[in-house]
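K.L.:
Heads up: the protein sequence lines correspond to chains A and B, in order. Mind the numbering: the first sequence is residues 1 to 375 in the numbering used here, read in order. Mind the numbering: the second sequence is residues 376 to 750 in the numbering used here, read in order.
What the hints contain is simulated information worked out from the structure, not anything from laboratory work. Worth double-checking, as some hints may not be accurate.
BS3-like cross-link-like pairs, simulated, lysine-lysine; straight-line CA separation at most 30 Å [stated by the list, open to error]:
no.	chain 1	residue 1	chain 2	residue 2
1	B	K599	B	K391
2	A	K325	A	K224
3	A	K16	A	K224
4	B	K507	B	K493
5	B	K391	B	K420
6	B	K599	B	K420
7	B	K493	A	K325
8	A	K45	A	K118
9	B	K700	A	K45
10	B	K700	B	K599
11	A	K118	B	K700
12	A	K325	A	K109
13	A	K224	A	K45
14	A	K325	B	K420
15	A	K109	B	K700
16	A	K118	A	K132
17	B	K484	A	K325
18	B	K420	A	K45
19	A	K325	B	K507
20	A	K132	A	K109
21	A	K325	B	K700
22	B	K700	B	K420
23	A	K132	B	K493
24	B	K493	B	K420
Reference listing, derived: stretches of chain A covered by chain B, where coverage requires no fewer than 3 residues with Cβ under 8 Å from a Cβ of chain B [stated by the list, open to error]:
no.	stretch
25	33 to 44
26	323 to 333
We treat Cβ as the ideally placed atom computed from N, Cα and C, and that holds for glycine.
The lines below spell out each chain.
2 protein chains.
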Amino acid sequence: MIKTNLFQFNRIAQDKRARAGVFTTPHGDLLTPVFAPVGTQATVKAVSPDQLRATGASLVLSNTYHLYLRPGADLVAEMGGLHRFMQWDGPMLTDSGGFQVFSLADMRKIDADGVTFKSHIDGSTHRFTPEKAVQIQEDLGADIIMAFDECAPPYDREYNQRAVARTHAWAERCHTAQSRRDQALFGIVQGGVFPDLREQSAEFISALGFPGHAVGGLSVGETKAEMHAMIEVVDTILPEDKPRYLMGVGSPEDLIHCIRRGIDIFDCVLPTRLARHQAAMTRTGRINLMNAANAHDPRPIDEACACYTCRHFTRAYLRHLIVAKEMLAATLISIHNIHTLVSLMNDAREAIIAGQFDHFADTFLTNYTPQAKTS
Amino acid sequence: MIKTNLFQFNRIAQDKRARAGVFTTPHGDLLTPVFAPVGTQATVKAVSPDQLRATGASLVLSNTYHLYLRPGADLVAEMGGLHRFMQWDGPMLTDSGGFQVFSLADMRKIDADGVTFKSHIDGSTHRFTPEKAVQIQEDLGADIIMAFDECAPPYDREYNQRAVARTHAWAERCHTAQSRRDQALFGIVQGGVFPDLREQSAEFISALGFPGHAVGGLSVGETKAEMHAMIEVVDTILPEDKPRYLMGVGSPEDLIHCIRRGIDIFDCVLPTRLARHQAAMTRTGRINLMNAANAHDPRPIDEACACYTCRHFTRAYLRHLIVAKEMLAATLISIHNIHTLVSLMNDAREAIIAGQFDHFADTFLTNYTPQAKTS
Numbered sequence: 001m002i003k004t005n006l007f008q009f010n011r012i013a014q015d016k017r018a019r020a021g022v023f024t025t026p027h028g029d030l031l032t033p034v035f036a037p038v039g040t041q042a043t044v045k046a047v048s049p050d051q052l053r054a055t056g057a058s059l060v061l062s063n064t065y066h067l068y069l070r071p072g073a074d075l076v077a078e079m080g081g082l083h084r085f086m087q088w089d090g091p092m093l094t095d096s097g098g099f100q101v102f103s104l105a106d107m108r109k110i111d112a113d114g115v116t117f118k119s120h121i122d123g124s125t126h127r128f129t130p131e132k133a134v135q136i137q138e139d140l141g142a143d144i145i146m147a148f149d150e151c152a153p154p155y156d157r158e159y160n161q162r163a164v165a166r167t168h169a170w171a172e173r174c175h176t177a178q179s180r181r182d183q184a185l186f187g188i189v190q191g192g193v194f195p196d197l198r199e200q201s202a203e204f205i206s207a208l209g210f211p212g213h214a215v216g217g218l219s220v221g222e223t224k225a226e227m228h229a230m231i232e233v234v235d236t237i238l239p240e241d242k243p244r245y246l247m248g249v250g251s252p253e254d255l256i257h258c259i260r261r262g263i264d265i266f267d268c269v270l271p272t273r274l275a276r277h278q279a280a281m282t283r284t285g286r287i288n289l290m291n292a293a294n295a296h297d298p299r300p301i302d303e304a305c306a307c308y309t310c311r312h313f314t315r316a317y318l319r320h321l322i323v324a325k326e327m328l329a330a331t332l333i334s335i336h337n338i339h340t341l342v343s344l345m346n347d348a349r350e351a352i353i354a355g356q357f358d359h360f361a362d363t364f365l366t367n368y369t370p371q372a373k374t375s
Numbered sequence: 376m377i378k379t380n381l382f383q384f385n386r387i388a389q390d391k392r393a394r395a396g397v398f399t400t401p402h403g404d405l406l407t408p409v410f411a412p413v414g415t416q417a418t419v420k421a422v423s424p425d426q427l428r429a430t431g432a433s434l435v436l437s438n439t440y441h442l443y444l445r446p447g448a449d450l451v452a453e454m455g456g457l458h459r460f461m462q463w464d465g466p467m468l469t470d471s472g473g474f475q476v477f478s479l480a481d482m483r484k485i486d487a488d489g490v491t492f493k494s495h496i497d498g499s500t501h502r503f504t505p506e507k508a509v510q511i512q513e514d515l516g517a518d519i520i521m522a523f524d525e526c527a528p529p530y531d532r533e534y535n536q537r538a539v540a541r542t543h544a545w546a547e548r549c550h551t552a553q554s555r556r557d558q559a560l561f562g563i564v565q566g567g568v569f570p571d572l573r574e575q576s577a578e579f580i581s582a583l584g585f586p587g588h589a590v591g592g593l594s595v596g597e598t599k600a601e602m603h604a605m606i607e608v609v610d611t612i613l614p615e616d617k618p619r620y621l622m623g624v625g626s627p628e629d630l631i632h633c634i635r636r637g638i639d640i641f642d643c644v645l646p647t648r649l650a651r652h653q654a655a656m657t658r659t660g661r662i663n664l665m666n667a668a669n670a671h672d673p674r675p676i677d678e679a680c681a682c683y684t685c686r687h688f689t690r691a692y693l694r695h696l697i698v699a700k701e702m703l704a705a706t707l708i709s710i711h712n713i714h715t716l717v718s719l720m721n722d723a724r725e726a727i728i729a730g731q732f733d734h735f736a737d738t739f740l741t742n743y744t745p746q747a748k749t750s
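Start from the sequences, fold in the hints, and give me the full structure.
P.N.:
Take a look at the structure:
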């Protein structure tokens, strides 16, 4: 375990379970709650770093599995690390590759020591162990890195018991393997939808002394009520003076529900994936910009939005770009969607600091119409 | 014919036949020689207006044929015109739709009054006449608009004789049809590779009193020597106090050769099309960024280049984006390629003003290796 003072987490306000904080990293302070857009392959799809910065985004996630396969963590290291390679000079986070590897289904085989898997790109065989996952993430050089874990199907109790045991053993090995002092290694809590397993996992992982903790294995098929219940279980156990990161969650309503339950950090492909499927995210719900109703609409996506897209472009223009299959559509809608989540986080933070988070959340949830996932 | 003082062309320097000028338009001054990137469907592909501005580009071309079909010139007019629709507040130029319509081959039928054609999108039947081409361009609202012309295969003398006669009759009708005072209507010279037809066309078009003139029907299959010879013919006839626009030409060596022969304005899809095919344009030739040689290359495309892409990104990163099929590749390479042509034009202008254009052009052409077209 690396002892360091780099990664201070100061809770500057708490409103019931909702927290507003400052998490110090080598590439700048993260004001929490914070939403991280995803740059799977060392780029947030269709968005340049300067456009991303202009959305207000502060933290970017990249995927260890993808970068390991292409272009290779050694190449990224040779180019001075991920920040320099992709020219994002703010805080970055990499996942451990675990989730992607386990998602390969038939193309991977798990044992106590690690996972052997086939590349989705060329079918070549590779192996991740906890030590390898840490080594790759040290080569990439993100500010926040993740322990190698096993994400089990949420309703399979026996599988989750085994996965929790393995995740714990691997967390300890990652802990031991870490050699860089300028990266915060987060432990991950697993346990499916089973409160006792979540409790056991939160207690074990908390005891290892990580500078931050993640909740994994949620938003993978369970109900919203189950997701909320699991977060409530771990919230009471994880140390309050360290940041909590809910992996892979990014719908506006989920963000608000989970901030209310003590989560500080989120990431999700949703804003950029929806953008490539013509859906704009707003404070009141989603808009399918392909709809004919937008063809002659001179309004921006959201008249209250301050993003580059809304300050400049009409729905009619965005719909034209979509119909004409112009790449700029994905860029402009991605910019808007990321800004929507980033500004929602900023407003949530202000509400927590003002001691009015409940009112903020209730008002938001009353006005918001969740929709069926379009992707 | 609209008489207006809006479109002043001041030649501030001339070095043999090469000219440096200022062309005043309602959306700002164009410093000539100038290269216009092409925004076929109301967007320069993969580049946002602010990114485009940062390349130094001053003039943008859009295509009447494409915008007429989609989203429709009436919609663009309803949205306040093309500048506002696509958020380009600098000078714009639209072509007449003639070149695209004639390129439809079997899908169009020409008569003395105009052209009936089928949409490449849905096969629906449409008709362009000189009056219609002006009306559409008035709806779009570019600063510079073009007369409706017929572009014939370069080596067919009989066809070119008919096309020149038709182009002249249509130029007069466009002249008469123009109703807006804030657009400069340019006449177009045709004539294939036949000096006498070019001469006849330049004389006829010049006599109509347009505020600027274009040379059409070049870079369509003839040799470079023939292209240069045709420009030399019209250079001696077109009035020197009005700008000359060579349509559809944009390779660096062609720009230099044609500035030397008295051309002021150029447009071409080349920089953005090459970018989408992984080719970077430099002052010395093209680089295929997909080449394995770039995989570990920490240099920018061009160490002397000041564009956003070269100030930030390595060839290794650009190649990674290409291999990973990330949209950002097209954006970053397009930014670089446009900047390369824009900065080449700026340097050519400085050389003309300094009375050293021959030296500049000779040095450039000595160092430049033209390549086979990759698109």
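K.L.:
Evaluate each hint against the coordinates.
P.N.:
Verification of the supplied hints:
1. B:K599 to B:K391: The hint holds at about 21 Å.
2. A:K325 to A:K224: 35 Å, violated
3. A:K16 to A:K224: 21 Å, holds
4. B:K507 to B:K493: 16 Å, holds
5. B:K391 to B:K420: 37 Å, violated
6. B:K599 to B:K420: 28 Å, holds
7. B:K493 to A:K325: Cα-Cα ~20 Å, so holds.
8. A:K45 to A:K118: 24 Å, holds
9. B:K700 to A:K45: 10 Å, holds
10. B:K700 to B:K599: It is violated: about 35 Å lies between the C-alpha atoms, which goes past 30 Å.
11. A:K118 to B:K700: 20 Å, holds
12. A:K325 to A:K109: 40 Å, violated
13. A:K224 to A:K45: It holds: about 28 Å lies between the C-alpha atoms, which stays within 30 Å.
14. A:K325 to B:K420: At roughly 10 Å apart (the allowed maximum being 30 Å), K420 of chain B and K325 of chain A satisfy the hint.
15. A:K109 to B:K700: Measuring from Cα to Cα gives roughly 28 Å; hence the hint holds.
16. A:K118 to A:K132: 16 Å, holds
17. B:K484 to A:K325: 28 Å, holds
18. B:K420 to A:K45: 16 Å, holds
19. A:K325 to B:K507: Distance of about 27 Å is within 30 Å: holds.
20. A:K132 to A:K109: 16 Å, holds
21. A:K325 to B:K700: 16 Å, holds
22. B:K700 to B:K420: Answer holds: K700 of chain B to K420 of chain B is near 16 Å, not above 30 Å.
23. A:K132 to B:K493: The given pair, whose Cα atoms are some 60 Å apart, is violated under the 30 Å limit.
24. B:K493 to B:K420: 24 Å, holds
25. 33 to 44: holds (count 3)
26. 323 to 333: holds (count 8)
Of the hints listed earlier, those the structure fails to meet are numbers 2, 5, 10, 12 and 23, in rising order.
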